[in-house]
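Given these sequences and hints, build the entire structure.
The lines below spell out each chain.
4 protein chains.
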Amino acid sequence: MNSITCAFIGLGKMGRELCGRIGGAGYRTLAYDLDPEASKYAEESYKNVTSSALLPAVKNSAVVFSCLPNSHHVSEVVNNLLQQEGTLNKVQYWVDTTSGHPGESQKIASELMSKDVIFFDCAVSGGPAGATAGTLTAMVGGDHSAFGEVQSIISSFAKNIVHLGPSGAGHAVKAVNNTLLAANICSVSEGLIALKKYGIPLDVALKAISTSSGRSWVTQQRMPEHVLTRGFDYGFSLGLLCKDVDTCMGMLQESNIPAPSLRVTREIIQVAKNILGDESDHLEIVKIIEDWSGETIE
Amino acid sequence: MNSITCAFIGLGKMGRELCGRIGGAGYRTLAYDLDPEASKYAEESYKNVTSSALLPAVKNSAVVFSCLPNSHHVSEVVNNLLQQEGTLNKVQYWVDTTSGHPGESQKIASELMSKDVIFFDCAVSGGPAGATAGTLTAMVGGDHSAFGEVQSIISSFAKNIVHLGPSGAGHAVKAVNNTLLAANICSVSEGLIALKKYGIPLDVALKAISTSSGRSWVTQQRMPEHVLTRGFDYGFSLGLLCKDVDTCMGMLQESNIPAPSLRVTREIIQVAKNILGDESDHLEIVKIIEDWSGETIE
Amino acid sequence: MNSITCAFIGLGKMGRELCGRIGGAGYRTLAYDLDPEASKYAEESYKNVTSSALLPAVKNSAVVFSCLPNSHHVSEVVNNLLQQEGTLNKVQYWVDTTSGHPGESQKIASELMSKDVIFFDCAVSGGPAGATAGTLTAMVGGDHSAFGEVQSIISSFAKNIVHLGPSGAGHAVKAVNNTLLAANICSVSEGLIALKKYGIPLDVALKAISTSSGRSWVTQQRMPEHVLTRGFDYGFSLGLLCKDVDTCMGMLQESNIPAPSLRVTREIIQVAKNILGDESDHLEIVKIIEDWSGETIE
Amino acid sequence: MNSITCAFIGLGKMGRELCGRIGGAGYRTLAYDLDPEASKYAEESYKNVTSSALLPAVKNSAVVFSCLPNSHHVSEVVNNLLQQEGTLNKVQYWVDTTSGHPGESQKIASELMSKDVIFFDCAVSGGPAGATAGTLTAMVGGDHSAFGEVQSIISSFAKNIVHLGPSGAGHAVKAVNNTLLAANICSVSEGLIALKKYGIPLDVALKAISTSSGRSWVTQQRMPEHVLTRGFDYGFSLGLLCKDVDTCMGMLQESNIPAPSLRVTREIIQVAKNILGDESDHLEIVKIIEDWSGETIE
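Residue numbers (the numbering used here), protein chains in the order written: chain A, 1 to 298; chain S, 1 to 298; chain P, 1 to 298; chain R, 1 to 298.
Hints may be right or wrong, so weigh each one.
The list cannot tell twin chains apart, which means a pair is met if one copy fits it or any two copies do.
Said to hold, decoys possible - Restricting the straight-line Cα-Cα distance to at most 30 Å, the calculated cross-link-like pairs of lysine-lysine (DSBU-like) are:
| no. | residue 1 | residue 2 |
| --- | --- | --- |
| 1 | Lys243 | Lys107 |
| 2 | Lys107 | Lys207 |
| 3 | Lys90 | Lys159 |
| 4 | Lys287 | Lys243 |
| 5 | Lys196 | Lys107 |
| 6 | Lys196 | Lys159 |
| 7 | Lys107 | Lys197 |
| 8 | Lys159 | Lys47 |
| 9 | Lys197 | Lys243 |
| 10 | Lys159 | Lys197 |
| 11 | Lys40 | Lys243 |
| 12 | Lys197 | Lys287 |
| 13 | Lys207 | Lys159 |
Calculated from the structure, these hints are not laboratory results. Note that this is a predicted model, so its numbers are computed, not measured.
So this is what it looks like as structure tokens:
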């Protein structure tokens, strides 16, 4: 049993898996969620995990993990804790696995620094399945020299851990990564519809493309496993993807970068979100592109 | 030594490598190119390969391979041969490894069928390096039942051989594959420029993305090996890429498919081709996108 | 009564109005349509217009007018007549008011020239209402030196007659004009939706824009009269608009011109055509853009 | 001589013309600019205009006009004045002719309301030439019931005065108007290049289009008078146009409106701004599109 105690805040689809991996790696983990059912579930499902209220969880931990819908939520929790005298005394590190916003992460980092808490933005890629398997990629921003101590905890859920620069860098790369994912979903859909109209079986076409220069994770995994099957069951919501893409659009806007390809991606997924709603699977973007031509990808 | 004799027409950068692999696999190969230096070079460099004029090469072969700049060239050679009585008497199969046009391949196939020659469009992906190593992907269209006999010859240069449907199907999938490659070059460039402006080292960012959901062959291979190095030395010309993308655009147009993502890709690479010329490396598209923001990907 | 006899081929919504204006100007006009009801209607409705079969109409005329769905139809009629020995003996000029294709018009012109018939492509803009009022704009291509003689007949229906160059020039400018119309429909729709979401009354906004630098015929006429009213009743079909835009796209493709703005227009109206059908009014494009945001322009 | 005294803050290219028209209409006008040369110039050039420092100008006026680079500058001046006790006591109305930002205008309006000053955003369209001639369009937002009193002053420089809604409405419509202007510059440029490649004289083509359905202020005025002449001398800077387009993009983003046409416009003009700089004429966008195809519009 490891002597470091961790707090884990936010036990949604992704958070609970991360929390379970940390506990499973031998860290005593105090789990908190707004929904008491969620923390009870975590306690019952994972080793070394105990349900806790927010304040005691943080008070008794050296490392706090958060996994929330967006940086705004993280900021609220942090501000709340900063106003409770002494709550953060024991805390040395805060690791935020939210798909967050680089600019807001920089602000949170400097606020926590006033209490000697070192903040890392630690965006993860690989989905709940990758979390369960411990094979996530972690994209980390924050003080490199202090990173060693949390890296070993992060390695309980991530196989590829990449330190990318100062605060916000992890969230920035995650935002770009997810925008590329969205771009690939759009462009691959359009290409497959052209092949379908041509009478070519799409499973075979994807097999060919996936060993060729046009390949991407979308041709290799998303399309064959979740779209051709008509399952649309990956489990990553369109609303969350759109949030990440908007973070990337903000970065492009701030730096005056013309980006016609990524911009057209944003317009397409915005159509999908407006028509299908936040809660659809992110792969349902495909359905909008299908409607435009009257052809299905199957 | 295999008893089947092959003709190989077109000994450019790609063709000579394919020709060398066929000879190396033990097939007697008669090599022809408009440029006599090219066929002399093939004879000197590869096992079982003999330089030959066009007519005798075809007259003495059971299988003809072609690797030409586009389907129009293939059509010209085929029409030329069809007018020479008896030239195709021994030929059973014609395998066209050109990055060709699906519609023109259908026409060539039906013309050759009048002389009992079975035509396969056999587009390849993997570049000269993949040819040398014998690890290409071959995307094949044509009569499936007759495919077995040529498949073993094709396997001398291709590791993944995928039969995709009737005549033209191989060229159609290749056109879509290369259009996805072009789309990825554009969108990844835009994303990397955003990260560069943010101060993030791009080699590390590419490492993170390349194990995450936004990954593609462009993040995994093209960018780190040929762009970050500022080499732009992959060896696939912008002119040839544009030809393939235009084939895909034709397919979209014929089937009335709206494809905003692939279309914007075409507009960007057309700018690159107009400004940089046909002979630039296809990765120099990146330079146009860099000029738009004044930031370089390195 | 003018001594020149005209034939008029194609008596659809637009053609019959043009035919009526020519007759009304005092030219004896022999009217032909595939549908006998249409030529009977023309005879009954207009002065100096007589219903006729195709061959006698052409045989007895010095000037032939055509107004057909596209250049392909014109080409068929011309080829048919060329095969009937002597039919074109009296004909000096052929004026094609179809929204045609520049390249096909060039071919038709050279075929007719073999029988000493001078061909003019004479695209018109202004719709059936403009035809009735005789206020159309005519965009003409063909031999300038011979143009004087037909110009006075054309002036029976067009107020602005512009000679633009050799054969095909009229159809080329019409194709670009209609593509700009389509582009304006799309961009104005997007802008108005932004203002609607902001709570601004659109009739007033259009009044302001229509005397400012962002104005276009779409802000001045199409939107206030046919969209804000929710009438969508201009009477120009989406299918015909798409045909003209595709002609323009072909021109861009042939000349390797990157045109991201016009291209995105084509993708949007292709979506509209696939979903709403050829027969919708061209302004119903607006409905697709409305669906994307869930906001209506009214 | 009218009894109302006006202050005019900001005497750039546009501001000084507006100031001159107000003075010319008989209003005593106190003119202020950061650059003393500018206010001296206004005093010397226009009737009833006196150069003044900022505080006395405002202290002695019932109506304050501002014409500054953007809303941020307006906000700074207003905040500065609000901190000087009593400065705004006499002021009843503030009319901001800046091409401003709707959201910031709402904030300024509510701040000024605390001192009983009624704020109107009054964006103008028509350029310095329209100001000199008094033929501008004014797009006004703010309290409609109070508008009558300032409307007569505004009519000294504007012919079309349109009240569009509450605070910010004028700036919102101006932003959309200028974005449509930018969109038209892009799409017309692309279309003209296609016609140029086809060998059609562009002055004649523009004449045809400008009486047809594809017409816009860009085909009727900007292209023939400032681009075909190669003058690029309209006098409205690219930097200011981009600012207005970005205001429109912000409105689209806030309301989740997919707008592929306006978005592609923004990407193109951002390229132009990055390459040509803020101070270029807004029509120099054309040069970027020309470079893409290697063809000039002349």
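Hint check:
1. In this assembly of identical chains, Lys243 and Lys107 lie within 30 Å of each other by CA distance both inside one copy and across copies; the values are 19 Å within and 27 Å between.
2. Taking identical chains as interchangeable, the C-alpha atoms of Lys107 and Lys207 lie at most 30 Å apart only when they sit on different chains, with a minimum of 27 Å there against 45 Å within one chain.
3. Taking CA atoms no more than 30 Å apart as the test, Lys90 paired with Lys159 passes inside one copy only; the shortest distance there is 28 Å, against 58 Å between copies.
4. Both within a single protomer and between protomers do Lys287 and Lys243 lie at most 30 Å apart by alpha-carbon distance, with minima of 20 Å and 27 Å respectively.
5. In this assembly of identical chains, the alpha carbons of Lys196 and Lys107 lie at most 30 Å apart only when taken from different copies (21 Å versus 49 Å within one copy).
6. Only between protomers do Lys196 and Lys159 lie at most 30 Å apart by alpha-carbon distance; the minimum there is 25 Å, versus 37 Å within a single protomer.
7. Taking CA atoms no more than 30 Å apart as the test, Lys107 paired with Lys197 passes between copies only; the shortest distance there is 19 Å, against 50 Å inside one copy.
8. When the C-alpha separation of Lys159 and Lys47 is checked against a cutoff of 30 Å, the pair qualifies only within one copy, where the shortest distance is 20 Å, while the shortest distance between copies is 46 Å.
9. Taking identical chains as interchangeable, the C-alpha atoms of Lys197 and Lys243 lie at most 30 Å apart only when they sit on different chains, with a minimum of 21 Å there against 33 Å within one chain.
10. Taking the closest pair of Cα atoms, Lys159 and Lys197 come within 30 Å of each other only across two copies (28 Å); inside a single copy the shortest separation is 40 Å, beyond that limit.
11. Taking the closest pair of Cα atoms, Lys40 and Lys243 come within 30 Å of each other only inside a single copy of the chain (29 Å); across copies the shortest separation is 52 Å, beyond that limit.
12. With identical chains, the CA atoms of Lys197 and Lys287 are at most 30 Å apart both within one copy (16 Å) and between copies (26 Å).
13. For the identical chains of this complex, Lys207 and Lys159 are neighbours both inside a copy (27 Å) and across copies (13 Å), given an alpha-carbon limit of 30 Å.
The structure meets every hint from the earlier list without exception.
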